[in-house]
Amino acid sequence: NDVDLAHGVVGGVAAPGRIFGLPFAFALGVHLPDDHLSQVRALPQSTPRWELYSVRLQRLYLAASVALSPVRWLRLGAGLAFMASTRGGISIEGRLSAINAASSQLTHTVDADLTSVRYLQLGAQVDLPAGFHLGAAYRDEFKLDTQLTATLRGQIVVGSLRDPTALTIPGLYALQAQTLTAFQPRQVTAGVGWTGARWTIGLDATWSQWSRYENPTASLDVRLDLRVPPGLGALRTPDVPQPTLREPTRFHDTVTPRLGVEYRAP
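For the record, in the sequence shown the residue sitting at position 11 is 11 according to this note's numbering, with numbers rising by one throughout.
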């Protein structure tokens, strides 16, 4: 199905203690992909894909959380998660030879970095009589997009670059591409559990706001400023690609129930 494997190093640490006499804990969680820091795959709109898998999981992830128990029957937690998004660009300037491309005089600069996207996570648990527990969790939405820019600015020289009388044609070509590479919907989970002498039963449901999912097809913005004088049959102005008309995804919100049962043997 052409779905990449998602693997890497997953780790975490939790440090419990007390603050002002109350139970307190601090935790870190991390996922480090061992193939890529950030992988992007931009597919044509007409290509079917497994949207919830593949490169969506190839991301650097870090979460920091704290928890506090103000009373014996209540536990509260909050944290921030960090994901990495990619920004990059290339700029080329100089003089291009129309008759001998190898003699062109060009300089280029490349600028790329990973920027962080942060979102909130919350949780709460309440202990009830007879071994029952109530829990709720909230995970905020995040979007990861990749923005790439390319600029080519200079002169096309019809003749020798050393000839000051050669015809020069100034031009500018600029491209900006943006691709939605990963999306996590806003999620709210509520559940109930029961713990007995040897049995533990848990039931919960998760609402996910998939209706806010955007079309991941890359959007291109191309600008070409080049005017070729008439009479130069060997040179012509290239065509500029038209922007892609992106279809709406038509995703809808989902509710996912889950049931878990555990038995502890003597």
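Since the hints were made in silico from the structure, they are not lab data.
It is possible that part of the hints are untrue.
Below 25 Å or equal to it, Euclidean Cα-Cα: the simulated SDA-like pairs (lysine to any residue) are [as the list claims (entries may be wrong)]:
1) K143 / V40
2) K143 / G79
3) K143 / T47
4) K143 / V117
5) K143 / A15
6) K143 / G29
Label-pair restraints from in silico Cβ distances [unchecked claim]:
7) P257 / A64: 29 to 37 Å
8) R258 / E51: 29 to 37 Å
9) P48 / Y138: 28 to 36 Å
For clarity, every value in this text was computed on a predicted model and none was experimentally measured.
Glycine included, every Cβ here is placed at the ideal spot set by N, Cα and C.
Status of each hint after checking the structure:
1. For the proposed pair K143 and V40, the alpha carbon gap of about 13 Å is at most 25 Å, so the pair holds.
2. For a cut-off of 25 Å, the pair hint linking K143 to G79 stands: about 18 Å separates their Cα positions.
3. As the CA atoms of K143 and T47 are separated by approximately 21 Å, the hinted pair is consistent with the 25 Å bound.
4. Proximity of K143 to V117 is assessed by CA-CA distance (about 8 Å); at most 25 Å being required, the pair is judged to hold.
5. Among the hinted pairs, K143 with A15 is inconsistent with the structure: their alpha-carbon atoms are about 30 Å apart, more than 25 Å.
6. Pair hint K143 plus G29 holds up; C-alpha atoms about 20 Å apart against a cutoff of 25 Å.
7. Restraint check, P257 to A64: a C-beta distance of roughly 30 Å satisfies the suggested window 29 to 37 Å.
8. For the pair R258 and E51, the beta carbons lie near 21 Å from each other, so the given range of 29 to 37 Å is not met.
9. Distance hint check: the CB atoms of P48 and Y138 are about 32 Å apart, consistent with the given range 28 to 36 Å.
The structure does not agree with the numbered hints 5 and 8 stated previously, though it agrees with the rest.
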